Every structure is written in structure tokens, then in C-alpha cells.
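One-letter residues, chain by chain:
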Amino acid sequence: MRARTPGLWAARILVVALSGFAVSLGLAMATQAPASAEGEIIRVTLATSLSGPIEGVEITVTDDSGDEVAQGETDDTGRFEADLPGPGQYTVEINADDLPEGVTAAATERVVTVAEGAVQRPAFALSDGSTGQGGGAGRIPQLLVEGLRFGLLIAICAVGLSLIFGTTGLTNFAHGELVAIGAIVAWFLNVSAGVPLIAATAIAMVVGGFVGWLNDVALWGPLRRRGSGLVAMLVISIGLSLALRYLLNIIFGGRSQPFADYRGQRANDYGPISLTDKDLFSIAISLVVLVLVALMLQRTKIGKAMRAVADNRDLSAASGINVDRVIRFVWIVGGALAALGGVLFGLSDEVSWDMGFKLLLLMFAGITLGGLGTAYGALLGSIIVGVFVQLSTLVIADELKYVGGLLLLIVILVVRPQGLLGSRARVG
Amino acid sequence: MSEFLDILALSVKSLVSQSAVFFALMGVGLNLHFGYTGLLNFGQIAFALLGGYGVAISVSMWGLPLMVGVLVGVIASLVLALLLGLPTLRLRADYLAIVTIAAAEILRLVFRSTPATPVTGATRGLSGFGDGFYALAPFETQRTYDFLGSTWTGREIWACLVGWALVTLFSLLIWQLMRSPWGRVLKAIREDEDAVRSLGKNVYSYKMQSLILGGVIAGFGGMILVLATGSANPDQFQNANTFLAYAALILGGTARVLGPVVGSMILWFIIAFSDAGLAALIRNGLIPDEILSAPDVANIRFILVGSGLMILLVFRPQGILGDRREIVLDAH
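Chains as they are written, first to last, in the working numbering: chain A, 265 to 692; chain B, 17 to 348.
Be aware that one or more of the hints could be misleading.
Using C-beta positions, here's what the derived DEER-type ranges look like [what the hints assert, rightly or not]: (1) A:Arg490 with B:Val28: 33 to 41 Å; (2) A:Gly517 with B:Thr169: 28 to 36 Å; (3) B:Arg159 with A:Leu478: 50 to 58 Å; (4) B:Ser309 with A:Gly336: 39 to 47 Å; (5) A:Arg519 with B:Thr133: 18 to 26 Å; (6) B:Ser309 with A:Phe545: 34 to 42 Å; (7) A:Leu551 with B:Pro304: 40 to 48 Å.
In silico lysine to aspartate or glutamate, EDC-like type, Cα no more than 20 Å apart, as pairs [to be verified]: (8) A:Lys622 with A:Glu663; (9) A:Lys665 with A:Glu614; (10) A:Lys622 with B:Glu207; (11) B:Lys217 with B:Glu207; (12) A:Lys665 with B:Glu207; (13) A:Lys665 with A:Asp613.
Hints listed in this document are in silico derivations from the structure and should not be mistaken for laboratory results.
Everything numeric in this text was worked out from a predicted model, so none of it was measured.
Glycine is no exception: its CB is placed at the ideal position from the N, C-alpha and C atoms.
Can you make the complete structure from the sequences, with help from the hints?
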């Protein structure tokens with residue numbers, strides 16, 4: 265039973281598909297050049313960060329009937345350009361033997377379709393070994409730190425989700441939208457209104473807290489009082505998530521956009537790892553905030569009340585805790601934290617309308633791993649998921665790294681459904 | 017006025033078009049899961065994806081005949097149901113929900129990833145696998161026909177005919193099953209799992225059978241979708257579609273044989289009407305471009321569906337045909 269997860273099934277497709285391909289970082293991309301209005305052109309630029317532009321690589325262009333259209337070598341800027349007889353489908357092939365020592369191409373052939381009057385720039389993914397693909401142990405410390413950063417930001421988003429589940433039993437599928445709303449509010453303040461990002465983040469957190477409060481006052485509180493069932497609430501949260509997500513799409517647009525501040529920072533070397541300042545600050549801020557949350561849960565009256573309600577709602581109500589007030593506070597804290605998480609995610613991966621949904625499934629993975637409904641479990645689980653997602657890029661393609669996190673979620677449910685810190689009774 | 021009639025004709029066409037067929041099939045499967053057994057399957061689209069790609073990959077990549085492709089699609093959906101069900105059907109309802117939604121996202125991401133190109137065609141998808149299907153049509157599929165006030169291609173008509181035949185077939189099957197002892201056990205599981213267990217029934221096995229049958233029905237939906245559109249593309253199988261199917265099911269009435277069918281038709285009438293109506297309003301300048309531009313219209317449907325889902329669940333969870341006493345509202 266253990267081995268037969270859908271994950272393994274998916275992994276099997278993946279393994280088949282992966283043959284012949286590999287993770288590669290040194291993307292050989294064409295430099296930007298204005299498209300010429302007349303003929304169709306194929307332009308290839310070969311370069312990696314270590315070797316720089318690569319000269320003297322033989323390139324052959326053939327059309328769809330297999331006839332050779334152009335042939336040549338890259339020049340000292342690593343460039344090769346071919347004029348084409350017309351629009352159509354072409355195959356561009358590079359001679360891998362000409363590549364310098366240590367540089368490998370994931371694929372030596374690209375099939376491109378060239379539209380009329382277009383300049384087509386096929387990209388060959390070249391790897392110069394600097395990022396140690398496959399089992400490259402040199403990359404592990406770097407990925408661990410990146411994973412820590414990512415895990416901490418998942419944790420910030422997920423603490424609220426977990427506390428809401430713990431105190432109300434609601435599996436809130438609309439929590440991802442709280443994350444996206446925070447990031448988008450900060451983006452508009454930062455990019456359109458020119459507010460510095462730190463101030464914008466503070467405002468976004470206030471807005472996030474307000475949205476969380478509004479969630480409880482306008483929707484979940486009344487539903488709770490009506491005695492709505494958990495499944496009904498689950499489907500309602502899906503509806504809310506869907507409506508909000510596509511509303512954000514209309515407001516923000518379908519493309520992902522970076523913040524105006526802290527763009528294009530260079531990475532500084534710290535021993536075996538290199539980090540940009542914003543990554544470093546992201547880790548520091550996450551740690552400080554999470555320690556504050558932990559202190560609140562541990563030391564303050566409201567924090568203790570939150571844990572009590574999460575543990576046993578009826579008993580806490582009987583011992584004089586105002587359960588509704590505690591839940592409202594949980595929503596406010598959860599909303600504000602989700603907004604902060606959204607800004608941190610936007611800082612590293614750009615802001616987009618569907619970032620919330622992408623993160624939501626990883627948050628579920630984190631809190632399920634840690635144990636549904638426990639605050640510290642969410643923390644621990646999220647960090648493990650973050651590290652796992654980053655480390656998974658050692659063996660799978662970068663674009664599939666979230667798949668690794670989701671697979672982890674399924675495996676946890678098979679092996680230990682109550683999570684690391686959860687109690688067996690919750691599984692039911 | 018003529019513009020209004022066009023919009024109306026388009027909406028009437030949507031009542032019976034391929035989208036309505038697709039969501040009706042997804043909904044019939046979901047009805048078995050959610051309506052009759054009380055399973056929260058949030059990854060129904062994954063079954064459709066496997067069904068659709070089963071046909072597409074078998075025919076256009078492996079060169080197999082259409083019928084073998086259909087078999088591959090059915091087996092793929094069946095295997096997915098087993099894989100999802102084995103670990104989660106023993107756990108609480110929301111675990112299945114989380115696992116199925118994650119599995120649907122995993123499959124879509126894997127199918128659209130670059131390393132999967134040799135098998136799935138990645139983001140460009142697959143096409144050119146429908147010839148065997150259209151060769152079966154007893155009429156000319158290359159020309160267009162006027163029907164219900166709008167123009168149909170022969171291919172559309174054939175795909176929809178086959179689709180509605182499948183919907184009828186599966187609806188009859190569900191109707192008969194639900195009158196059988198097997199169906200009564202499923203409903204009993206929905207009402208009180210422990211009571212059924214105490215009667216000596218293997219609840220786990222019944223849930224698994226329900227998950228498999230409903231998943232395979234959705235697999236057929238996916239096949240009709242890719243055959244009707246002529247291409248299999250991972251973005252046809254967005255996660256949000258599962259919730260469109262939920263909306264159709266809940267609108268029509270859960271735990272009613274005709275609920276998902278009626279719901280899907282009405283849902284697509286509403287969606288087509290709002291899409292075409294909004295587009296016309298924007299074209300005529302009645303809605304200024306700053307508020308809503310033409311590309312945004314496609315997103316409005318999800319906002320409508322999302323809010324509709326919430327309103328239905330809060331005020332009328334039984335939908336149009338349903339019976340409130342038969343609706344699962346609480347986890348068990």
C-alpha cells in the first residue's frame with residue numbers, strides 16, 4: 265500500500281520523460297535585438313556564465329523537408345544568424361563536439377516555427393557545471409539555505425491557515441488568496457504609488473489583517489452561528505477562492521510582475537553559499553516574525569487562549585474563554601501574516617494573481633506534515649517542505665520543483681496522516 | 017436586437033455543446049462520489065486529463081487505433097482512482113480533498129513540463145488524433161449544418177451526439193445502480209459510515225468502487241473533450257474546472273440522477289450568455305475599457321461560478337432538483 269501512491273505513478277512518467285533531458289541553469293539566450301521587418305531570421309546565441317560567449321560552434325539549420333538551409337559557426341560574441349527563405353518550421357542543430365570542455369547541452373536540437381517576418385531565437389540550455397547538476401554535492405548547502413528561506417515564507421503563510429483549522433475546523437481553500445491580496449496591495453503601493461516597499465508591506469499587512477477580519481465577520485462567523493457543516497464550509501471556501509482569484513486576475517492582469525524596489529541585486533558570497541541581500545533579509549524577517557508569533561502563543565493571554573481553543577473548543581468555552589473573540593483574532597493575525605508571506609514570495613518569485621493557489625498546496629503540505637491544527641507543526645512542516653522543494657531540483661527539472669512538494673504531501677498522508685506533531689485522534 | 021438574438025442563439029447552442037457534455041460527464045462522476053457516497057473528490061479534472069491524454073497519446077504518439085486509446089484512457093483513470101483511494105479513503109473526508117487536488121495539479125504540471133515533451137507535447141499539447149473518431153460518423157463531417165439557430169460543423173455534431181449518448185448511458189447506469197442493493201449501501205455510507213460497518217459491509221471497498229466508477233466516467237468526459245476540440249492541451253485541464261463541475265452538480269441537485277446533467281446545461285447557458293453579453297457590452301462601449309476589457313471576460317465566468325457556488329451552498333444547497341435531506345454537509 266505504501267509504494268502505490270499516485271506520486272510514484274507521476275514520477276514514472278517523469279522518469280520516462282526525463283531521459284535525454286537534464287536540469288540546466290546556464291541558459292543560452294539570444295540577446296535582445298530589434299526584429300527586422302523584412303526576411304525571417306534565426307538567431308542563436310551561445311553563452312554560459314562561466315565560459316562567457318562560446319565561439320566556433322557549428323550550427324546547422326534545416327527546413328521541415330530535411331534540406332539544409334544555412335550552416336555556420338558562432339562568432340566571438342557567441343552569435344550565429346541565418347536568413348531563412350520563408351516562414352515555416354525549421355530544425356536548428358548545434359554540434360555538441362564544438363562546445364568547450366565542461367559545457368554540456370541538454371539538447372542539441374531545437375525545432376522552431378518561424379512566423380512571417382519574425383526573428384526566432386531558439387534557446388539551447390547549456391550547463392557549465394557551475395551549478396553541479398545531477399548529484400552535484402556542491403550545490404547542497406546553497407539549496408539548503410534557499411530551501412530554508414522558502415520554507416520560512418511558507419510557514420509565515422501557513423501559521424494562519426493552521427490556526428484557523430485548529431480553532432474552527434475549517435479547511436480554508438481561500439487562504440492562498442489572502443497571500444495574493446497582500447502581495448498585490450503591496451505591489452500597487454510600491455509600483456504605482458511609489459511607496460517604499462517596507463512601508464508598503466506594513467500597509468499590506470494591515471490590509472491583510474482587515475481582510476482576515478472581514479472574512480470572519482461577514483462570512484465564516486455567521487456560518488458558524490448557523491451551524492453550517494464542515495463540508496459545506498469547505499465548498500464555500502472553494503467558491504470564495506475561485507471568485508477572488510479570478511477577480512485578482514482582472515485587477516492585476518495575467519502576467520507576473522516584480523516589485524519596483526530591490527530589483528536585480530547581486531549575490532554576495534558567504535563561504536559555500538551565495539545570497540542576495542533581499543534573500544538574507546527575507547530569512548531574517550521571517551525568523552523574527554515567527555519567533556514573535558511563538559512568543560505570543562506561549563506567553564500572552566490571547567496566545568494561550570488560541571492554543572486552548574485549538575485544543576478543545578468546548579472546554580475553553582466552558583472555562584470562560586470568549587471563543588468567538590479568539591477566532592476573530594486568529595483570522596486577523598492569519599491575514600496579516602499571509603500578506604507578509606505574499607510580499608516575501610513576490611520579492612523572490614515576482615507577484616502574480618495565482619501565486620496564492622501555488623502556495624496553498626505547499627502550505628497544505630507543510631501543515632499536514634507538521635500535524636493539522638498545531639501552530640508549531642505548521643512551522644516545522646513548512647520548513648521541511650521548503651527545503652525539500654529546493655533540494656528536489658537536484659534530481660528533477662526546476663519547473664517541476666513544486667511537484668516534489670505535492671508528492672511529499674501525498675507520501676505523508678500515506679505514511680503518517682497525523683503529521684509529525686499531531687495526535688492520532690485528529691485523523692478520524 | 018439582432019445582436020441579442022445572436023447571443024441567445026449562441027447560448028442555446030451551449031446548452032447542448034461539447035462543454036455541456038464534458039461537464040455533464042464530470043458531474044455524473046462527481047455525483048456518484050460526492051452526492052451518493054459522500055466522497056470529497058477535488059481532483060475530478062485529473063481523471064478527465066488521463067482519459068483525454070490516454071486517447072491522444074495512444075493514437076498520435078503510439079499510432080494505436082482509437083478503441084485501444086479509449087481502453088488506455090479508461091485504464092489510466094482506473095489506476096489513478098486506485099492510487100488516490102488506497103491511502104486516503106480510510107482517512108477523514110478532507111484528506112481525500114487535499115490529496116486529490118494536489119494530484120490534479122501534479123499531473124497537469126508534469127504533463128505540461130518540458131521534460132515530458134516527447135510524450136505529451138508539453139504546453140503545445142497533442143493534436144491530429146481524431147480522424148478515426150470522425151470516420152465513424154454516419155454523416156458528412158466536413159461540411160457545416162444549421163441547427164437550433166446556429167452553425168455547427170459536422171465534427172461538432174458527431175462529438176456532441178456521442179457525448180450525449182454517453183451521458184444517457186451513464187445516467188441510466190447510475191439510476192439502476194442506485195436502485196440496487198449496491199447503491200443503497202453507498203447512500204448508507206454517506207449517511208453513517210459506522211452504522212454500515214457494523215452491518216458487516218466493507219466500507220473501504222465500496223468507497224473505492226465508487227471512486228473508480230466515477231473517475232472512469234470523468235475519463236470518458238476528457239476523451240469527448242479532446243476529440244471535440246481536436247487537441248489535448250494541459251491547460252484545458254485547469255484545476256478550476258473541477259469546481260465548475262461542482263457548481264454544475266450543486267446547481268442541478270446533488271444525489272439526483274439528472275442533477276449534474278441539468279446543472280451542466282444551465283451552467284453553460286449562463287456562462288455563454290454572460291460571456292457573449294459582456295463582450296457585446298464592451299464592444300458597444302456600454303462598459304468602459306478601464307473597468308473590464310475584452311480579454312477579462314473569460315475570467316468573469318469563474319467569478320460568477322465561485323460566487324454562485326457560495327450562494328447556493330449558503331441558501332439552497334439542494335440546488336434545483338435536490339432534496340435537502342440527502343445533501344452531505346458535514347464531514348464524517
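> Of the hints stated earlier, which fail here?
Replying inline: 10, 12
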